[in-house]
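Visitor: Numbers in the working numbering are just positions in the sequence shown, counted from 1, shifted up by 884.
It is worth saying that the hints were derived from the structure and are not from the lab.
None of the values given here were measured: they were computed from a predicted structure.
Where is the CB? At the ideal position from N, CA and C, for every residue including glycine.
Heads up, some of the hints might be wrong.
[Stated by the list, open to error] Between beta-carbon pairs, the in silico distance windows are:
#, residue 1, residue 2, range
1, Asp967, Gly1015, 21 to 27 Å
2, Ala1145, Gly1015, 23 to 29 Å
3, Ala1145, Thr1011, 30 to 36 Å
4, Asn1031, Asp954, 26 to 32 Å
5, Ile1017, Arg1109, 16 to 22 Å
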Amino acid sequence: MIDPNPFPTVGVRPGAIITGIVGGFTDDGEDFVLNFIGGGSAIVDPSPIHASRLDLTVGESINVLVDEFDDWEIDTRSIARPDGSMILGDRRVLASSTRKLDPVTGESLTGEINQTSDPLTSPGSMTISGGIIRLFDNDEFLLQTDNGPIRVDADLPDSQSLNLQPGERVNVVGEFDDGEFDASAITRPDGSPIVPTDAPGTTISGRVIRMVDNDEFLRRTSNGRVRVDADLPDNQSFNLRRGERVNVVGEFDDGEFDAFAVTRLDGSPIVPTDAPGTTISGRVIRMVG
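Throw the hints in and build the complete structure from the sequences for me.
Guide: Have a look at this one:
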């Protein structure tokens, strides 16, 4: 438990916007401590959202709209960064408050704030960023964030999948629900969206270790060796070479990876041939017979 500092807070009153520094989380992450610029602090309750689920970083400066202030606790429904980007609530509600106030002196920190017509921001919506650790299903993956690994669920139909690779960095907009992060949008760092494809399954990439059968081969991936089964007719085979890098779209089943499509790194498909067996290369020594 982090206790607030009992310092005069004459400017903390309903309708005021308080500027301060995030000092840490309390009450099992439900609330956080706001350290005032001029000294002192208070507990901030963003109920019904847990503070630990907001995009807050200890040490960052934020603006908090005071809904109620009682017993050193601020109830709020709107939090924003100094650049105006919303952390919680509706931008228009925050902008409708007349002045930013110093909680110690009660003096205005800025002039009048103009009303803005920016669209609503969902109170439960937030953005998390990180690198993909691994994919679980056509629409779920584990994301490594600054606050640890988070399981993300995009809730796609079984006929669609996300074209994502382990190690790829993405931004995910959504909200926490029952320990998972339900995604409403996924983008790359440059802002381009990750669009679901109609090809079901997961994509894995790596080098061919060796052919096991006409339609099966061993792959070396970042997660180790994977046996790939393309389920071809006996009279067809893949023309693959040891060490060749390929992408395989499919799904894991009973310890194998069932392939729906096999492509080269440039996206060109690897088409099965009608010539069964294995291809070997060498020089003709002599004709026999």
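Visitor: Indicate, hint by hint, whether the structure satisfies it.
Guide: These are the hints, each one checked on the structure:
1. Against the hinted window of 21 to 27 Å, the Cβ-Cβ separation of aspartate 967 and glycine 1015 comes to about 25 Å, which satisfies the hint.
2. At roughly 25 Å, the beta carbons of alanine 1145 and glycine 1015 sit within the given window of 23 to 29 Å.
3. As the Cβ distance of alanine 1145 to threonine 1011 is approximately 32 Å, the hint placing it in 30 to 36 Å holds.
4. In this structure the hint that asparagine 1031 and aspartate 954 lie 26 to 32 Å apart at CB holds, the actual value being about 30 Å.
5. Against the hinted window of 16 to 22 Å, the Cβ-Cβ separation of isoleucine 1017 and arginine 1109 comes to about 19 Å, which satisfies the hint.
Hint violations for this structure: none, all hints satisfied.
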